[in-house]
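Q: Protein sequences appear in the order of chains V and E. First residue of the first sequence: 1, per our numbering; consecutive thereafter. First residue of the second sequence: 1, per our numbering; consecutive thereafter.
I should point out that these hints are in silico values taken from the structure, not numbers from a laboratory. Hints may contain errors.
To be verified - Derived pair list, reagent style EDC-like, types lysine to aspartate or glutamate, alpha-carbon separation capped at 16 Å:
| id | chain 1 | residue 1 | chain 2 | residue 2 |
| --- | --- | --- | --- | --- |
| 1 | E | K66 | E | E39 |
| 2 | V | K54 | V | D21 |
| 3 | E | K122 | V | E167 |
| 4 | E | K66 | E | E42 |
| 5 | E | K122 | V | E148 |
| 6 | V | K54 | V | E167 |
Said to hold, decoys possible - A partial selection of chain V residues facing chain E, derived with a Cβ cut-off under 10 Å:
| id | residue |
| --- | --- |
| 7 | R2 |
| 8 | C4 |
| 9 | Q50 |
| 10 | G53 |
| 11 | C69 |
| 12 | D77 |
| 13 | A78 |
| 14 | A113 |
| 15 | F115 |
| 16 | Q118 |
| 17 | G141 |
| 18 | R173 |
| 19 | P177 |
What the hints assert, rightly or not - Derived list of chain V stretches under chain E, where covered just means 3 residues or more per stretch with a C-beta under 8 Å from a C-beta of chain E:
| id | region |
| --- | --- |
| 20 | 98–111 |
| 21 | 155–168 |
Note that the coordinates shown come from a computational prediction; the quantities given were computed from them, not determined experimentally. Glycine is no exception: its CB is placed at the ideal position from the N, C-alpha and C atoms.
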Amino acid sequence: MRRCIMALFVTLWIAGCSDPDWQTKDISGLMPSLAFELIDENGNTVSADQFLGKTTLLFFGFTHCPDVCPTTLARLDAATQRMDEAARDDIQVLFVSVDPRRDNAETLDSYTAAFGPQFIGLTGDKAALDKLTRRYRVTYGYGEEDSEGSYDVSHSSAVFAFNAQGEVRLLIRDSDPMDAVVADLERLASGA
Amino acid sequence: MPLMSLTPHPSLPRLAKRWCSTFLLLIATTGTMAAAELEVSEARLRLLPGDLPAAGYFTLTNTSEKGVTLTGADSPAFGNVMMHRSVNQDGVTRMEPVAQLELAAGEQVEFAPGGYHLMLMKRARPLVVGDDVEVNLHFAGNQRQRVTFRAVAPTAQ
Numbered sequence: 001m002r003r004c005i006m007a008l009f010v011t012l013w014i015a016g017c018s019d020p021d022w023q024t025k026d027i028s029g030l031m032p033s034l035a036f037e038l039i040d041e042n043g044n045t046v047s048a049d050q051f052l053g054k055t056t057l058l059f060f061g062f063t064h065c066p067d068v069c070p071t072t073l074a075r076l077d078a079a080t081q082r083m084d085e086a087a088r089d090d091i092q093v094l095f096v097s098v099d100p101r102r103d104n105a106e107t108l109d110s111y112t113a114a115f116g117p118q119f120i121g122l123t124g125d126k127a128a129l130d131k132l133t134r135r136y137r138v139t140y141g142y143g144e145e146d147s148e149g150s151y152d153v154s155h156s157s158a159v160f161a162f163n164a165q166g167e168v169r170l171l172i173r174d175s176d177p178m179d180a181v182v183a184d185l186e187r188l189a190s191g192a
Numbered sequence: 001m002p003l004m005s006l007t008p009h010p011s012l013p014r015l016a017k018r019w020c021s022t023f024l025l026l027i028a029t030t031g032t033m034a035a036a037e038l039e040v041s042e043a044r045l046r047l048l049p050g051d052l053p054a055a056g057y058f059t060l061t062n063t064s065e066k067g068v069t070l071t072g073a074d075s076p077a078f079g080n081v082m083m084h085r086s087v088n089q090d091g092v093t094r095m096e097p098v099a100q101l102e103l104a105a106g107e108q109v110e111f112a113p114g115g116y117h118l119m120l121m122k123r124a125r126p127l128v129v130g131d132d133v134e135v136n137l138h139f140a141g142n143q144r145q146r147v148t149f150r151a152v153a154p155t156a157q
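Build out the structure end to end from the sequences listed, making use of the hints.
A: Set out below in structure tokens:
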């Protein structure tokens with residue numbers, strides 16, 4: 001009896017182990033598939049299924065962020081530049097601004113254009129942003145306004161990677177080495 | 001520079017000696033009043049479109065013999081410059097203002113992506129990638145040091 005339980009335990013444990021071929025954090029099955037309703041850079045309401053068919057990288061930030069957001073997007077750009085063209089075309093980066101007060105379709109359009117054609121800006125009202133951030137268990141918040149009206153926005157620094165079917169696969173962090181990010185993006189682009 | 005070694009040559013006429021003393025005194029005191037310039041390298045300013053705040057990065061080495069305190073910066077190209085530090089706690093990133101940064105003699109600090117950075121706001125004139133931008137670093141004791149930052153693209157690593 002005990003041996004059966006042990007065998008069952010070990011089997012379940014191994015089944016729960018993440019795929020050792022991913023180099024960044026494997027979160028397959030731990031978060032729901034890609035779903036949202038937001039506003040794109042043309043001011044149109046878009047839903048997640050319009051983005052299926054390509055690998056999607058989801059990142060939360062705001063355009064008035066001088067350091068972390070541009071650094072993360074620049075890293076993703078550098079990673080995709082190291083892929084061959086066909087694979088690179090399969091990657092789209094959704095930059096979701098959690099600062100709709102300062103970021104609208106127009107500001108997002110010029111912002112993402114500065115990083116590359118595969119970067120797409122999205123935003124929404126508080127309800128839509130809360131729904132999406134809760135779905136992926138991230139938070140955001142607004143700091144105090146200074147005398148000039150400027151304020152900081154705290155947000156998650158994580159990049160969520162989804163495959164072409166919209167299933168969550170990876171959590172990519174600032175600390176992940178560039179080689180690991182490139183390898184995983186290539187693997188995603190090839191259909192893993 | 002000890003003042004004792006800066007004395008006019010004994011063989012000079014008295015009036016000349018007096019002028020020389022005054023002149024040498026001025027040079028010596030000017031030398032001690034102005035702080036030696038500290039070593040700043042890799043100064044770059046990462047531009048973003050429109051009037052979005054830019055980030056200033058550089059490496060500062062206290063090449064002097066005593067501690068210095070960096071208190072801020074200004075630039076003729078921007079209306080407002082602040083020192084910040086990006087902080088990541090439990091997966092949440094935010095910016096903290098930095099009032100001052102003390103550097104002991106020989107110590108080095110890096111203003112780099114993900115950490116300390118200058119936040120340059122309210123662009124006073126159009127800027128393009130490749131421009132040289134003047135930034136003045138402020139130090140305690142009313143010292144200022146002019147540094148030339150190179151404007152780089154948003155995708156610059």
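Q: All hints, please: hold or fail.
A: Verification of the hints:
no.	hint	in the structure
1	E/K66 <-> E/E39	14 Å, holds
2	V/K54 <-> V/D21	20 Å, violated
3	E/K122 <-> V/E167	42 Å, violated
4	E/K66 <-> E/E42	23 Å, violated
5	E/K122 <-> V/E148	10 Å, holds
6	V/K54 <-> V/E167	11 Å, holds
7	R2	40 Å, violated
8	C4	40 Å, violated
9	Q50	25 Å, violated
10	G53	26 Å, violated
11	C69	9 Å, holds
12	D77	5 Å, holds
13	A78	6 Å, holds
14	A113	7 Å, holds
15	F115	6 Å, holds
16	Q118	12 Å, violated
17	G141	8 Å, holds
18	R173	9 Å, holds
19	P177	13 Å, violated
20	98–111	holds (count 3)
21	155–168	holds (count 4)
Checked against the numbered hints listed earlier, the structure breaks hints 2, 3, 4, 7, 8, 9, 10, 16, 19; every other hint is satisfied.
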